[in-house]
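Chains G and X supply the protein sequences, listed in that same order. Counted the way our numbering counts, the first sequence spans residues 1 to 362. Counted the way our numbering counts, the second sequence spans residues 1 to 285.
I should point out that these hints are in silico values taken from the structure, not numbers from a laboratory. Cβ coordinates follow ideal geometry from the N, Cα and C atoms, glycine included. All clues given are correct.
With a cut-off of at most 30 Å between alpha-carbon atoms, the simulated DSSO-like pairs for lysine-lysine come out as follows:
id, chain 1, residue 1, chain 2, residue 2
1, G, Lys347, X, Lys175
2, X, Lys86, G, Lys331
3, X, Lys235, G, Lys331
4, G, Lys65, X, Lys86
5, X, Lys155, G, Lys331
6, X, Lys155, G, Lys347
Derived coverage of chain X by chain G (criterion: at least 3 residues anywhere in the stretch with Cβ under 8 Å from a Cβ of chain G; other residues may be distant):
id, segment
7, 130 to 138
8, 187 to 200
9, 231 to 237
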Amino acid sequence: MYVAVKGGERAIENAHAWLAEERRGDQTVPELSVAQIREQMTLAVNRVMAEGSLYDPDLAALAIKQARGDLIEAIFLIRAYRTTLPRFGTSQPIDTESMACDRRISATFKDLPGGQVLGPTFDYTHRLLDFKLAADSDVTEAPQRDAPDRRMPHVADFLNREGLIEEAPHDDTEPRDLTREPLEMPADRPLRLQSLARADEGFILSLAYSSQRGYGRNHAFVGELRIGQLAVEMDIPELGFSIEIGEITVTECESVNQFIGSKTEPPQFTRGYGLVLGQSERKAISMAVVDRAMRWEELGEDNVGAPVQDTEFVLYHADNIQATGFLEHIKLPHYVDFQSELELVRKLRREAGAEQVQEAAE
Amino acid sequence: MTDQAYNFAYLDEQTKRMIRRAILKGLAVPGYQVPFASREMPMPYGWGTGGVQVSAAVMTTDDCFKVIDQGADDTTNAVSIRSFFKRTAGVKATTRTAEASIIQTRHRIPEDALTESQILVYQVPIPEPLRFLEPRESETRKMHSLEEYGLMHVKLYEDISRHGHIATSYAYPVKVEGRYVMDPSPIPKFDNPKLGDCPAIQLFGAGREQRIYALPPYTQVISLDFEDHPFDPSKADHACGLCGAEHSYLDEVIIDDAGGRMFVCSDTDFCRSRQEDGHKGKDAA
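The task is simple: from the sequences and hints, build the whole structure.
Okay, structure coming up:
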């Protein structure tokens, strides 16, 4: 005798209890604190802040802990929290020339005002497992020097003095807000950059890579990459002037790209731009390359049908929260639709079978 | 008891107002997909975020809420959405179709006829009926505004020439009031006839795709077909094993290791009330 399945409610409760237990793991091992994650898993925290579009290292660390280290799940937690926050206003645009740089490199000039600053990079480490880290390890203090007391000029500005690179477009119109308006095509550059800044790092990386390999190639030099801290200022109407409301770390990449000129533009270098919350240079460089590739129309380049040139394709598929939701939803029950497909396939097979029998008889 | 930290029904009033405007526009232009600034919800995209936002926007404290997934009240995601609104809005919940003032559904329309005092909210994965014929949103919007639906008819025609039938069994496209071609969400085509001339308001929410559309009461909704291949709302050719209903949509359930199977109503409330009224199917105890 068949009894219809019941008990979804209890199953869900039990699943949540088990999940909490699995999250904690072996209880004889000390529990991770949020501060430990924030301080020692910084780059994971940075990715969650960037793609979650919320600058709060403590919340990002908490989300990583709750998500058992699944960064997309952690990003989702942050996004769902972010959407409930009230908006007090908009900050002043940040001025990246005033950045206190931890790192600032240029691949186009050997030396330049402000100098090359390597900063805390993996770039020249040998990727050998450091077994000392498996035990407790003390860190020797890194050598220090005084921070240069100057603004860090942008490399592109030096090129601009000779007119060798396109003028950065200056536009004071308020950009559209991706999180408050539906995404509609065609998307202008501010909207595209907004979308890329919170886009999935892996997706943007692969698109940029595909462009480098020839699918919509625009050879990019890293004109400049900088990582550091910046003050965020906001106008307070009651005060009548702007005040500093906090400090954030960002990664900025400006690419310098070949451009042989078109019917309307003389030969000159062009720009791609990437800006990401936190320290994430892989994402910032990828973003600059993808941004530049999507500008083919405005620069009068050919559309060679490369994925990276297809703005609608890129923007509609770049958000990992949307992507993972829709992808994973296919594990939800679909028996009603499957049942109707079953009926259809049975019907078509019956008819195909009948035809074959008839052909054999003839 | 509602969670104090959140507004009634989770969304803030500004967001609800924005969604209500989209709903009103949708009702004014039946079948037209209205873009709206969908919010990130505390459940994943694909789990019914569009339906949840629409339900939250129309919900009042006097409402009685029912959620079904695949026709059933006790499937896990239906349980989860029901408890979300119990928690954030404190509204009454029910499993009885007749008692509910808002019914949120995934993939089915209840068997019992709806009334003028009810709102049916559909969860929609892909709102664009032309999406699998033309992947570009910029193109499909143009096709709708020019009423250019030839591609859809060609697709249905090709189905017939290849298979002898229109090979679409769910999310079967409809034409609304002779104007917009609309995706009824992935309901089986068996449910399509219930879309038209329905006394209840029908609202469709697609969260990830940021679209809302609507059917006001008593709207004309016609499933696309050809004169010589009329629309056929087929279902499994069986009666319900538990309640004996012959005209309800059925789920096929595998009941033993030998692959033995039986058919039961997908609408669990419909099936239960029939059994309570003394109807018995051949497999009932």
